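Since chain B is already given, all that's left is putting chain A on it; use the hints.
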Amino acid sequence: MTAEATQLMERYVDGDAGAFRELYQLLAPRLYGYLVRMARDRAVADDLLQLTFLKVHRARSAYVRGADPVPWIYAIAHRTFLDEARRLQRAVVSVSKEEELPEVRAQITGEPEGADGPQAADPELARAALAALETLPPQQREAVVLTKLDGKSIAEAAEIAGTTPGAMKVRAHRGYVALRKALGGPE
Amino acid sequence: MKDGIPADGIDQTLIDLPLPPPPPLGDELAAELARLRPVRARRPLRDLARVGAVSLVYGAAVLGLATMRHDGAPVGLLVGYAAIWFSGFASLLWLALVPRRGAVMPRWRAAGIGALAASVLFVVAGFALDGQGGPGSAELGLQRLPGGHMCMGLGVATALVPVVLGALVLRGALPVGSRWAAAGLGAAGGSLGGLVLHLHCPIVDGWHLGIAHGGVVAVSAALAAALASRRLQ
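Residue numbers (my numbering), protein chains in the order written: chain B, 1 to 187; chain A, 188 to 420.
Just so you know, these hints were derived from the structure itself, not from any lab. None of these values were measured; they are calculated from a predicted model. Virtual Cβ for every residue (Gly too), placed ideally from N, Cα, C. Incorrect hints may appear among the rest.
Have a look at the derived ranges for each label pair, beta carbon to beta carbon [what the hints assert, rightly or not]: (1) Glu4(B) - Ala247(A): 45 to 51 angstroms; (2) Val244(A) - Leu54(B): 34 to 40 angstroms; (3) Leu252(A) - Ala167(B): 33 to 39 angstroms; (4) Met337(A) - Pro29(B): 55 to 61 angstroms; (5) Gly340(A) - Asp83(B): 23 to 29 angstroms; (6) Ala43(B) - Arg230(A): 52 to 58 angstroms; (7) Ala167(B) - Ala247(A): 29 to 35 angstroms; (8) Ala277(A) - Arg65(B): 52 to 58 angstroms; (9) Ser153(B) - Pro211(A): 40 to 46 angstroms; (10) Ala277(A) - Ala17(B): 38 to 44 angstroms; (11) Ser153(B) - Arg224(A): 31 to 37 angstroms; (12) Leu308(A) - Ala167(B): 24 to 30 angstroms; (13) Gly66(B) - Leu355(A): 18 to 24 angstroms; (14) Arg417(A) - Gly18(B): 20 to 26 angstroms.
Far from chain A, by Cβ distances over 12 angstroms, these chain B residues were calculated [said to hold, decoys possible]: (15) Glu4; (16) Arg58; (17) Ala85; (18) Thr135; (19) Pro137; (20) Gly162.
Excised from the complex, chain B in its bound form (with noise of 0.2 angstroms):
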């Protein structure tokens, strides 16, 4: 994916509009991912997307041939989520759980109610997983996100969320240990 984006950003720096939209392509199902998963809004996630996009676009001269875009793409999707964050703190209010939890569900499949969609090996398990990732902290919900669902290694998830890596790898820990009792799993 590196490669790809890299080659992507080179072409759309140079004025090509479709490379953009390629490179959405590429980098939009994951951040939209991680946006959903961090705001547990779909709405908002819509908007952060987008605006997260908006700003890469704005700031594309501040880009360096040759460099990796993705984390300095995420890293302005984190940015734009602290930011909307702050400004729209119902965005990040949690509600009760008996109102939140069936709309969230089908918002992180990102499936309409009712649509067969993708769905995990074990939904009952997904689900509460992904009920359990919900009551986390933000960044401990940020570690974990950007560390197991996207992939990422401590050091990539540091630079993005603007922390250092030792404290990246206490936030994951704390908040796979907290999934992990949650889930009923050994401590």
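What follows is chain A alone, placed relative to chain B:
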């Protein structure tokens, strides 16, 4: 096990979670794309050279206006300390502007740590060099700190240009860590200010050197972090 995090069934469950389909490109973005023009990508080493060169010319102009010191200080001492100030300026500017190979974002953490280290070192060094090879504030009829505000002002004014130019060059490059990178830029500018002060001001008592000269690095770093960081995001 990956990065110290134990792997088990939950790992696979998380990896297997289906990704939600993203929305299509928004109208605002599509409209901007319709007007897409090529832009010049950032070239960090060229930017470093340009910001460094313009800042040095500006520093020389400030020194020209403020006048060079004429206290007969040994050339070796003048050049030696000037080289230390200059290396502070160059290395901090490099950390703040140039990313590691293959990265878009500069080394903001290193720049921030460098700013902290330089702030402490230049203040401590100023106190340590008390009275070496020149007059103290009292001998020139000045009080220690009130007499130092002119130097502090001159140093911070000198720091302004590298900070502004650096912020322009890094605009949009640092969605995270911008405060640290801005502190690095400020400390670089403060080091240039310290260099100008070293070549302008003959006072060598510890309070003056430590607070009014060395303190320029810390003050410039703090001001840049507070005022310029949003520009880098």
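Hints, one by one, checked against the model:
no.	hint	verdict
1	Glu4(B) - Ala247(A): 45 to 51 angstroms	47 angstroms, holds
2	Val244(A) - Leu54(B): 34 to 40 angstroms	37 angstroms, holds
3	Leu252(A) - Ala167(B): 33 to 39 angstroms	46 angstroms, violated
4	Met337(A) - Pro29(B): 55 to 61 angstroms	59 angstroms, holds
5	Gly340(A) - Asp83(B): 23 to 29 angstroms	35 angstroms, violated
6	Ala43(B) - Arg230(A): 52 to 58 angstroms	40 angstroms, violated
7	Ala167(B) - Ala247(A): 29 to 35 angstroms	42 angstroms, violated
8	Ala277(A) - Arg65(B): 52 to 58 angstroms	24 angstroms, violated
9	Ser153(B) - Pro211(A): 40 to 46 angstroms	31 angstroms, violated
10	Ala277(A) - Ala17(B): 38 to 44 angstroms	40 angstroms, holds
11	Ser153(B) - Arg224(A): 31 to 37 angstroms	36 angstroms, holds
12	Leu308(A) - Ala167(B): 24 to 30 angstroms	26 angstroms, holds
13	Gly66(B) - Leu355(A): 18 to 24 angstroms	22 angstroms, holds
14	Arg417(A) - Gly18(B): 20 to 26 angstroms	33 angstroms, violated
15	Glu4	15 angstroms, holds
16	Arg58	7 angstroms, violated
17	Ala85	14 angstroms, holds
18	Thr135	14 angstroms, holds
19	Pro137	17 angstroms, holds
20	Gly162	3 angstroms, violated
Taken one by one, the earlier hints fail for this structure at numbers 3, 5, 6, 7, 8, 9, 14, 16 and 20, listed in ascending order.
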